[in-house]
Structure formats: structure tokens, C-alpha cells
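Peer 1: Listed here are the chains, written in short residue letters.
Protein chains: 2
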Amino acid sequence: MTTSSDTRPDLDFCAELGQQLRVDSVAMSDRAGSGHPTSSMSAADLIAVLMSRHLHWDLQSADNPHNDHLIFSKGHASPLYYAMLHAAGVIDEQELRTYRQLDSRLEGHPTPRIPPTDVATGSLGQGLPIGVGIALSGKELEQLPYRVWVLCGDSEMAEGSVWEAFQYAAWRGLDNLTAIIDVNRLGQTRETMLGHDVQAYADRATAFGWHPIIVDGHDVQAIDEAYDEAAGVSGKPTVIIARTLKGKGVKAVEDEPGKHGKPLEDAASAIQELGGFRDFEVDVQPPDDDSQPHRFRTQDHDRPAYEVGTEGSTREAYGAALAWLGATREDVVALDGEVSNSTHADTFADEQPDRYFEMFIAEQQMAAAAVGLGTRGWTAFASTFGAFWARAYDFVRMAAVSRADLRLCGSHAGVSIGADGPSQMALEDMASLRAIHGSVVLHPSDANQVTCLLEDMADRAGISYLRVLRGKTTVRTAPDEPIGIGGSRTVRQSEQDDVTILACGVTVDQAVQAADLLATQGITARVIDCYSVKPLDEDTVRRAAADTTALVTVEDHRPEGGLGDAVLEAVAESALRPTVHKLAVDVMPTSGTPEELMHAAGIDAESVADAVRILCTGRSGSEGKASL
Amino acid sequence: MTTSSDTRPDLDFCAELGQQLRVDSVAMSDRAGSGHPTSSMSAADLIAVLMSRHLHWDLQSADNPHNDHLIFSKGHASPLYYAMLHAAGVIDEQELRTYRQLDSRLEGHPTPRIPPTDVATGSLGQGLPIGVGIALSGKELEQLPYRVWVLCGDSEMAEGSVWEAFQYAAWRGLDNLTAIIDVNRLGQTRETMLGHDVQAYADRATAFGWHPIIVDGHDVQAIDEAYDEAAGVSGKPTVIIARTLKGKGVKAVEDEPGKHGKPLEDAASAIQELGGFRDFEVDVQPPDDDSQPHRFRTQDHDRPAYEVGTEGSTREAYGAALAWLGATREDVVALDGEVSNSTHADTFADEQPDRYFEMFIAEQQMAAAAVGLGTRGWTAFASTFGAFWARAYDFVRMAAVSRADLRLCGSHAGVSIGADGPSQMALEDMASLRAIHGSVVLHPSDANQVTCLLEDMADRAGISYLRVLRGKTTVRTAPDEPIGIGGSRTVRQSEQDDVTILACGVTVDQAVQAADLLATQGITARVIDCYSVKPLDEDTVRRAAADTTALVTVEDHRPEGGLGDAVLEAVAESALRPTVHKLAVDVMPTSGTPEELMHAAGIDAESVADAVRILCTGRSGSEGKASL
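Chains A and B, in that order, are what the protein sequence lines are.
Heads up: the first sequence begins at 1 in this note's numbering, then just goes up one per residue.
Heads up: the second sequence begins at 1 in this note's numbering, then just goes up one per residue.
The set of hints was computed from the structure by calculation and includes no laboratory data.
Here a beta-carbon is modelled for each residue, glycine too, at the ideal position from N, C-alpha and C.
A couple of the hints might just be wrong.
[Stated by the list, open to error] Listed next, the stretches of chain A that the computed footprint assigns to chain B, with coverage defined by at least 3 CB atoms under 8 Å from CB atoms of chain B:
1. 99–107
2. 352–362
[What the hints assert, rightly or not] Computed list of lysine to any residue pairs in SDA-like fashion (alpha-carbon distance at most 20 Å, straight line):
3. Lys472(B) <-> Ser34(A)
4. Lys472(B) <-> Gln513(B)
5. Lys262(B) <-> Gly471(A)
6. Lys236(A) <-> Asp203(B)
7. Lys236(A) <-> Leu194(B)
8. Lys262(B) <-> Asn341(A)
9. Lys236(B) <-> Gln199(A)
10. Lys236(A) <-> Ala207(B)
11. Lys262(A) <-> Gln188(A)
12. Lys472(A) <-> Ser34(B)
13. Lys262(A) <-> Glu316(B)
14. Lys236(B) <-> Asp203(A)
15. Lys472(A) <-> Gly33(B)
16. Lys236(A) <-> Thr206(A)
17. Lys262(B) <-> Glu316(A)
18. Lys472(B) <-> Gly33(A)
19. Lys236(B) <-> Leu194(A)
20. Lys262(B) <-> Pro594(A)
21. Lys236(A) <-> Gln199(B)
22. Lys139(B) <-> Arg297(B)
23. Lys236(B) <-> Gly195(A)
24. Lys236(A) <-> Gly195(B)
25. Lys472(A) <-> Thr593(A)
26. Lys236(A) <-> Ala200(B)
27. Lys262(A) <-> Asn341(B)
Could you build the full structure based on these sequences and the hints that come with them?
Peer 2: In C-alpha cells form, the structure reads like this:
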């Protein structure tokens, strides 16, 4: 495999480099007083050969589109990763000594704070699905020959998300993707389910449509040949199943249980046993390709606009707005979890089939693919029922650690979906997604708002979530109204408002009906459409708190963590602290019509009017009706 | 297979019954105006044969411990399920007509509101992992010969959770578990990844250690033989891979795309084509076993107690309390996600190895197994890092719909874990889990609290979450203090308190230090330990609101959805509405020491004291220090 013109380091060098990576891993963890040296030592030879002879990285330019991508899915092997970056000249000796210290880029688990790291890892089972997203970009969108390498631990093969990735990558034929499983047999507390049964891993990979290669993960020649073989496989992804020993090279820990996640007891001896410190540097090969990434064409496309007073569903508006964005921006791509005729991502898919990814019912892989596509500069929107984003919550959490851009749409929000019942109702989505650092949570009440908010999302970094409805709502927003992240829309207002009703999504219609009802009873209610739940338009909320005696919030969501809490937060420290009364879904819903279920949950117009009446007059609905 | 003494309905009957199930499914969805008749029709023969000749159900007693368990993982096939229960005499004709109506037990997707349903389904990929939990109970705990049958859709095989179940069930050798995959080829919008390639499913099952049987899912004899074969397989679970046609029996929809999730256009003709209404009733065989379920022995065991003033970690206290509960209660079982030496579930595992389940790194399967074990009456506690419960969030959401008892422990809460970095820090767990209907969220500050709260959790129905810490905290609670769900502990209080600091977990120590510091500066702070974040001790919070001018909340969690919001909620409608100032983690943490990270996040004693000082005096820390 080594020709005369081959300028790459030879295999003897790789073996020595492997020892260097081990030594540096041991030393790093020892200095830090924590870390995972043994998990690093098992994979050191795999990484030494990869970086010396197969990986293509232009380290002068982390943005070079031709760069390969390497994801340490077993993020706890960060000592190995940083030792590798040190050998590649990215990290100097001084920085290496800052491992796990405050302000260091070398965190306990890798994050993109240290280039060329694409994504944060450390929650196991996420690296491979994200790698699938990057490989999709390379093969289907950019159409560049870069390769995606993912180093996986054997313990994380227990995560279902890994098998979502196996299924999907094979179905897409991602032959630019290579998974490397470091089968060191030992997890944190015991042997894995499969131990050293590398054939079992190979059988599973084969059954899932991958090309498996079993190697001795400490035989540099076998590893080298495996990487060559992987590069030559066409039409399917390759997995290199490497039989390794945890703690390889140091007798006190090698293949020993109970040695996970802690520095070696006698690091000095271990380093000596490994042959002492070395100082090899590797000129990682730059990419040898200079082809231009594929570009898509933009087209003219009317911006969706809906006449005020008509009715429409915000999920249909999502599809239409996405199709418009897709036509006018070549960077927009879409993914959906096999419900595109429900979320209406199919509108985009019909118009831009080359930029649409059907992800089937695998929400973790979908979120991960969106993150992966985002690292390559694509503005990806991913959709499914809002309820099912709960399936990918850990991926969203980690996307925030990755400083990733992740744009989610969740349809079928709340009890207003009706007869399908609670399994299909998003009721905890705003709470869980508001808690994500730096997130944006949007819940438009009509179709025109969707277009504006989707446009904002496309330009917004970080994690954003658009919550849309199954049923139809009245279009109240004019197509040219300024609607944007952080805004709100005052639906009705007067100088004599007694009370303010704050609503979002389906409850805006209910709030308006309630205000109509209350008006006939002598109570004047301001109605604010808080389509931007996070960030909330706090100024408008505080003005309402100053102008009116009470705030009533109403949302088709659990009482915790949604609009009501956002409003409470907004007035928590203001000089005026009005009574805030929250209406939300505090029952376990069943099937029924949307109207029945909203009534049962106490979030329909009648419930809102009742709550306002009691606040304003101390009298319940029937009393109020009689006396007003 | 039919002997002379066989009193079971014969196969001709089964074929007719299959048609009845189809007709009833079509009629039910037609009346409701929604539903999934075609997904029901594909599996009708599989269910007809199962209920007539293989399922053992004592329908007089849903609690009979010998009953088989049947989970419709493809919960959208609820018409088939209810048609089956109708044929079994559980649902009368009148109730069948209430499908999908308000107040009907026959919801759009099955829930335990209609016995003998064990769990709610409708979020795909959950039935099989829950079935694994029930099968674990049957085989390992109850030691009864009942069987667990799970009807899966082919679309849901894309969910990673299904493969977590495949791996785990094989590893445990659950030969009492049979999965039936209804391979009808068509998902909601298109063909599945594998279409009708039943061999591919079989290859995957084989590679994962299962015994696969491929059948024509409309050949009642082949189905019958497959069930017999499944019952005879020893040492491994069986999967019956049934090639079926979606919409089988009605030409207008049979094997046609675009027919998912909607009533048939011409139900009357379809029913005619299926041979019209039938009225067969099936005497489902009762279990023929009357052996007693295995019981475990209880032992004497000291209740853990820690001396006030000592230091300890609440995670270690979790392990100790769990071991104590396990010794004194035979119904207590524990599960852990391969981090038992971190969560200290290993303390239980060491003492009660027969009631401990190592679930490896598969949080979805772990949550599902806990739900399954709960349906069999076991008081199951499941633990992993709090951050990684995000992986199973949809399972927790669905557990609420199942009215399941689910007891979770999440360790390594917050930035106070230190050097491992943000991927390992639970920072959104309280927000996401507070939003679950009826949930309890507990965050004890010391070891003695843990014992009391775990005891309460064991007796509490529904979903409860115990959040514990990596590091040590000071024991302030005496072993005999009354600590319980819904309570709080006032750490310091006087009649002259200027301000109240509300804390939980690690921030209680910080709050006390802050109060000490403030005392030297002339500010008297009440400190309340809100170990029960949901339900919050609202009376105590409101009393503090009445007694002091401001409330400062401090938590090692995101600002949204945690303690601060619970406190805001508690005072939202009270007559006294004090300023509430929330301190929480509103940065993306890095590595560092616990002290550094708490300081960087603004939740350490100094930050608390500063915030209080500004509230009370309008002056910042340094100014305050100078002038006080």
C-alpha cells in the first residue's frame, strides 16, 4: 500500500505515534486529576494510523470545504483527541497542560471551541448520526469527495440512535462514511453485552447493509489496510470493528475492569512502560481535491400571503413558507420524520426534491442529521409532530453544547388536535425547549406570522423551534405586518382595558372570543398574541401589567414552562406586579373534538372569560352573566 | 397442531374472525371520521389467530398474574385492538360506537383506561421496549410462564428504541417475549426503507440474537404454526416477521399508498367486499397455570442516617437508601444505565443482585423497562446521569399517558459536577420533568433528605424524579426530621428577615454561606431549602413573600422551568407579590472546578449575596461591602 511516491509516514512511525498518543493521554489526565486515559489508550493506534496516512485535513483552514470530518463519538476519549491535535500541531504543549481547566478550550469532552471540531460529543450514541448528516451533505448536497470518520465506543452501540444511523446511512448508500468501533470490551462498570465478540458486531453491520471489516485494533498494518479498504467500498458505508484492549500498553490497567474514567494510579511508571514522552509531529495530509461544491439554483417564488379574515392552518403555512424559502435561498434544506403530509414539509419536498431528506420515524437521527448538515453551512429545517421532538431531546440539548444551528418545526400542538389523543399532542414541548440555552420558541397564531417567523429562523443562529397547529385559525395578521422573533402582536387594546389576556397559537382565537364576550358584560380586555414565547416581548407585557389590573395567560400546553411562566418571569422584577392567572392544560386529555378538549382543559373562550370575570368581579361565570 | 382434545376455534374460524376485525375496524373509523383502518386490516389475521388460539387472558380478572400481555406497539391500529376486545366480549357494541369520542375509553390510541391494556401506545417504538420490561418481570422476578406479545409496525422499526429492545431482550434470553412485525410495506407517506424485504428484517433479528420466523401474514395456518414455534423456542426471543398488505381485503386501498390514517372513502362497499358484518365471539383461553409468583425475602437493614454537620453526596445517599428500601421491601427493584458506580445504584446491586437490572447505555430501554416492571407491581427505581434522562424524555411523557408509576433518579446535576463539562451536566431536567403531568420533582440538599424522599417516592403513584449531586454537601437535616414530598426546610429564619433566599440541592450550601456573609453586612436573610421543587411548599413560600421584601431563588439549572419558576407560580396570585429575583445557569458552562463553574454561572454564595445586596440596598457587592 506504500508506493515509492508515498510521502506519508510509514507504519513504524504510526506505531510510535500511537505510543505518543497514549503517553500524552496518560499525562494529560494525570495532570487534570480526572479524565479517561484507558478509553484513549485502546483507540490510540486507530487514530495514529488515521491521522498519519488517511485523514485529509487542511489545518490552515478549518473551513476548507474539502476537509475530511472526524467525530469522536466516544467523547470521553478527549485525551486521545487532544493528543492527536497536539501531534498535528493544532495544540501546543502549553495548551495541552490546560486540559479540563476553566477557560481552556480543552474541555472534559470535546466541543467546537477547539477547531476543527465540528460538534460536541459526550452524550454517547450521537456522533454517528451526526456523521450521517455530514456525509449526506458531502454526497448529496456539496457533492464533494471528503470522507467522514466517526470513532465510536463499543458501549455506545447499546444506544438505539446508533442503529438509526446504521439503517439510514445504508439506505442512503453513504460510502463516504466510515465508522470505527473501538471494541475494548469494557464499559464503565462491566463488560459490554457483546464483549470481544467482534463477529457479532460484523453480523449486525452486515444485516444493516454496511460493509464490515474486523481488525486487530493494535496492528497498525491491519488498520492501515482497513482504511484503504473502506475508501474503496462503493455504495455502502463501512464500519471498522477493531478488537482492542482498554488501557492498552500499561499492564496495571490493560484489559482490566474498574479502570474507567480515572487517571492511572502511577502515571510516571505507566509513561515509562509506554516508552516515555515522544515529540513526533504529523503533517496531516491536506485534501487533494479542489473541485467546487455543488450549488443549487434559486428561483422566483411568490412569498406566501394570506388574506386577513380567512382561515388556514399554521402547519400548511409552514410548508408553504418553507417552499418559498427553499426556492429563493439555495442554502435551505428540509428533513421530516415520515409525516410530511401532516407537517406539510411535503410542499417543500415537491418543489425541492434534491434538498429534501425523508428521515423516516427516527427523530434522533433526524435531529442529528440536521445538526450535521448545519455544520456544513446548510440552513436545515426539520419537522415532525411536536410531541415526537421529545424523542430527540438529548440531541437538542447537545446541539446547544455544539453551538449548532438547529431549526425545528413541531406540528400538532396541544389538545386542539382532537381525536388522536394525548400520545400525539405536544404539551411539554415549549417547556423542554425553552430550557435549552439560547433557544428561541415561536408559536404563531396564524399563517402570515409563520412566513415572517420562518424567515427570521433561517437567519438566526442557535436553536429555534416553531410550534404549529393541526387545525385552522383566523388570519388576523396582515401579510406586511412586522412580525419577528422577540415580538408580539396586540390584537385589541384600548385606554380603558381592565385586564390583559396573553395567548399564543390556537388560544389567540379563544382569547379574542373571550374578549368579545367580556365586552358585552362590561369588562374590557386587552388581547396580546405572544407568538414569540422565547424571547418574550417583555416590554409589551410590562406595559400591559402597568395598564391593567391583571394578566391572564392561556396556552394549549402544560402549566409549567410555557407562556404563563414566561410572562411571570417578565413581571417578576418590574415595579408593577399584577396578579397573573395562568390557564393551561392541567388534565390528562383524551380523544374528543378540538372544542371539547379545549373546554375540558379550561383553555377555551368560555374558560378564559370565566377566569377574567372572576379576577375582575370576584364572580364566577354564571353569576357574572346574571349580574352584568 | 389441532388435536382431538383441542377446544380452540379452528383456522377457518380464525380467517372469518380476521374479516370481522377488518369490518369492525372499517366501520369504527368511518363512524369516528378518523382513524387508521388500513393499518388495522393488515394485522387482522395475525390478531385473529393470536386471540383465538394462543393468547391466554383471564378476562374476568385483568389482575390475574398468569395473564399473557399483549401490547399494540403500533397504537394507531386501535380499531383492530378495540375490534379484538369486542370479539373477546370486553367491549359491547354500544361502546364500540364511541370510538374517539369524548369520555370514551376507546381513545384514538390505546391507553390503560380500557383494561386489560397495560400501557398507552401511539408514540412508535415504545411497545417492544416496554414488553421487554414485562417479560423481565415474568422471567426473572415473578418467574411465571406468561408470555408477552408485542404487535409492531414495520415503520417503527426505524426507531432506535426498537433496536435497544432487540439487543437487550436477546442478551437476557427473554424467550417469553414474541414480537410480531406487521410488514405492510407502507408508512404514512411512502414505502418504508425495507419495503417487503422480510428477509432483511430476519437477518437483522438473527444478528441481534433473536429467532426470526417469516410468514405470510394473511395465511392463518402459517401464522398459527409460527405462534406454536415461538412458544417452543428456548433461550432467545422470537420475532414473527409477517408479510402483509396494508388495507388487506379491500381493493380500493389494499397495498395502495396514500391510504394511511383516514377512513375508507366508501366504507359501505368495503364492508360488503369484506363479506359484511359478522358477530363472532371468542372465548379467549384463560391461563392454565396456577403457580404462585416468586416472592423475594425481606431482611433487616438499618435505615441510613447521617450525622448533622458531616459531609456526603446525595448520590451516595441514593444508593444507600435504595439498598435499605430493597432490603426491607421485596417489591423494590432497580435499574441503571451502566453508570451504577456513579449513581451508586451499585450499593443496591451488591445487596440485591436478583432485583437489579443492568440496562447498559440505553436510556430509552431503561425507562421502558421500568414502566413495564411497574405494570407488574414492582416498585422500580431507574438511575443514570440526570442529563441522560433527556434521552428518554418521550418515554417519560408517554409513561404519564400510561398512568404508569415511574421513579427516576438523575445524578450529576448542574455545573457543580465540574471538569467533565456541559455534556454531562443536567441543566434542563427539572424543566422538562416538571412539565410532565402529575410529576414530582425532588432535589434534596443533603443525605438525610434523600432517605425520606426515596421512601415517599416508593409509595407515590405516577412519575417522580430525584435529582442528586456528584459532590458533597453539608448534612443539615437531622435523620428524624419530617421531610417529604411537598415539603420544604427552613434553614434559617428570624422575625427581622429582610429577604428570603430559596435554594435546592447544591445551592443550599451557597445560600447559607451567602446569608452568613450578608449578616455581617446588616442584611438578614431567611433561607429555605426547597427540596420538593414540584409540588412546591407554596405555603412556606407565600409566608416568606409576606414576611420579607424580596425572594431570591438560586438553582444549578437553567433559568426556565426550575425552582425559580415554581416560586414565581406560587406567588403569582397571592395578595403579596414580592420582587422575585432568579439566579440560575444562563451561560454555556465549560470544564473547571465546581466552585469556578458555580461562580461563573452566578449561583455561588458570592453571587447570591451580591444579588441580595443589590435588591436590598440598590448597591452592588463592592459598593455594599464598602458602605455596610
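Peer 1: List, from low to high, the hint numbers that the structure doesn't satisfy.
Peer 2: Checked against the structure, no hint fails, so every one of them is satisfied.
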